[in-house]
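Enquirer: The residues making up each chain are set out below.
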Amino acid sequence: MDQKSIADLQSDDRLKLKSLYDGFRDAFFGFFQSWHVDENDLPDIYQEAFLALRKHAINGKLDTVKCGMKTYLFQIGKYMIIDQYKQRSKFENIEPHLHLAGEETVDIVLDPHDFLNAEKRKLKKFFKELDEKCRELLTLFYYRGLSLEEIAPMTNRSNANVVKVQKHRCLEKLRSRMLN
Amino acid sequence: MDPKVLIEKYIEGTLNKEEKKTFEKLRVEDEVFDRLAWVHDNMAQVTKEENDPVRNMIEEFESEHTPKLQTAFTWKKLLVAASIFIVFGLAVLYNVTRPVSADDLYESYFESYPNVVHVTVRGENEKEVSIAFEAYETDRYEEALTRFGELYKDRGTAFYLFYMGNALLELDRTEEAIELLKEFSTTEDNLADKAGWYLAMAYLKMNDKESAKVELKKVVEEKAFNATKAKELLAELE
Numbered sequence: 001m002d003q004k005s006i007a008d009l010q011s012d013d014r015l016k017l018k019s020l021y022d023g024f025r026d027a028f029f030g031f032f033q034s035w036h037v038d039e040n041d042l043p044d045i046y047q048e049a050f051l052a053l054r055k056h057a058i059n060g061k062l063d064t065v066k067c068g069m070k071t072y073l074f075q076i077g078k079y080m081i082i083d084q085y086k087q088r089s090k091f092e093n094i095e096p097h098l099h100l101a102g103e104e105t106v107d108i109v110l111d112p113h114d115f116l117n118a119e120k121r122k123l124k125k126f127f128k129e130l131d132e133k134c135r136e137l138l139t140l141f142y143y144r145g146l147s148l149e150e151i152a153p154m155t156n157r158s159n160a161n162v163v164k165v166q167k168h169r170c171l172e173k174l175r176s177r178m179l180n
Numbered sequence: 001m002d003p004k005v006l007i008e009k010y011i012e013g014t015l016n017k018e019e020k021k022t023f024e025k026l027r028v029e030d031e032v033f034d035r036l037a038w039v040h041d042n043m044a045q046v047t048k049e050e051n052d053p054v055r056n057m058i059e060e061f062e063s064e065h066t067p068k069l070q071t072a073f074t075w076k077k078l079l080v081a082a083s084i085f086i087v088f089g090l091a092v093l094y095n096v097t098r099p100v101s102a103d104d105l106y107e108s109y110f111e112s113y114p115n116v117v118h119v120t121v122r123g124e125n126e127k128e129v130s131i132a133f134e135a136y137e138t139d140r141y142e143e144a145l146t147r148f149g150e151l152y153k154d155r156g157t158a159f160y161l162f163y164m165g166n167a168l169l170e171l172d173r174t175e176e177a178i179e180l181l182k183e184f185s186t187t188e189d190n191l192a193d194k195a196g197w198y199l200a201m202a203y204l205k206m207n208d209k210e211s212a213k214v215e216l217k218k219v220v221e222e223k224a225f226n227a228t229k230a231k232e233l234l235a236e237l238e
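Listed in order, the protein sequences are those of chains A and V.
Start counting the first sequence at 1; every next residue gets the next number (our numbering).
Start counting the second sequence at 1; every next residue gets the next number (our numbering).
It is possible that some hints are incorrect.
Claimed, not checked - Under the rule of at most 35 Å between Cα atoms (straight-line distance), these lysine-lysine pairs were calculated in the DSBU-like manner:
hint : chain 1 : residue 1 : chain 2 : residue 2
1    : A       : Lys70     : A       : Lys4
2    : A       : Lys18     : V       : Lys4
3    : V       : Lys217    : A       : Lys55
4    : V       : Lys20     : V       : Lys48
5    : A       : Lys55     : A       : Lys124
6    : V       : Lys9      : A       : Lys70
7    : V       : Lys127    : A       : Lys122
8    : A       : Lys120    : V       : Lys9
9    : A       : Lys173    : V       : Lys127
10   : A       : Lys133    : V       : Lys229
11   : A       : Lys55     : V       : Lys9
12   : A       : Lys122    : V       : Lys223
13   : A       : Lys133    : V       : Lys127
14   : V       : Lys217    : A       : Lys61
15   : V       : Lys20     : A       : Lys164
It should be emphasised that the hints constitute simulated quantities derived from the structure, not laboratory data.
Sequences and hints are given; from them, build the entire structure.
Expert: What follows is the structure in structure tokens.
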């Protein structure tokens, strides 16, 4: 795989990343539209696939891969789409067409903790829509890993128990939106 | 044991053997309980991703690909708003008290929803969808309406109802638009949270300020699409 593209992908340089993101986008959309993937889903899936590709670049997984970056990205996309639609048989027969002639195919298995599937994207969307207090509390607890005791004074709450009750309320809000 | 306490213990990681059994059982039998545990299980990942600057950058890249219509419409809206402002300003200047009519408000706030459904290169089999959205994007709403109607009949995808509603609003067929938007708002479609705003627009167009207010309040409460604008508009209607 082209080493310069891998280096660009590993960077957090806006222009380099944008050039790669835009560079593969049309082909990715065109290809998966011919798979009858719901067009509403494609922008999300492409973003997830691109982010997963970047993670693989950072972890050094791309260094020894023989196929091109585009093929690899498409394989990630394919994996995600199959995961989302859970209709493996419908998609399997497309596999031979998924790489350019003369290239080696790669089998890609993604760790579910490495990307957001449709359900988790929905959760992320609802999280974004929560009021600021809930977002702050949940971020401190889950992302920063702080204890309820530590969170209480930071958020002007009298004690850990108050934080616990409010955290539960915030989770409940997300739960009810997920079930609606 | 109270499921709430059970969940808390699960989050704290302090379930004993017996409680763990009850917990597993509830996850299978009680959908609400299971979903709450699921939310907890995924919060760490979701909040981590939410705070990833590269992810936010990628989301920005993607948003730049959404149809150009949005910018054009912003200018159009700005011009309409500016002209209303001038008219209103002149009225004040000549000491004429002329309240802003529902119609004026409709004109300054309404812009049909851009095509966010059908993007970039399409396969040959998606030709009908392309033609329909092309008609919509180039203001040929009669044609778009017919085509969306056919696509909805064939495929049953809910968002066609939404775009039909928008086309009907553009064609001043407001009552029909209301019917479709109401129907659309009950679907699970990704765009369904946008129905409230357009219903409010439709009521405004019909000069039914009370129904418009009801819809706008819902939009604000649910923080749905255009909640900020809805708040602004509500203030103008009060």
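Enquirer: Enumerate the violated hints, using their earlier numbering and listing them in ascending order.
Expert: Per hint list: 2, 3, 6, 9, 13, 14 violated.
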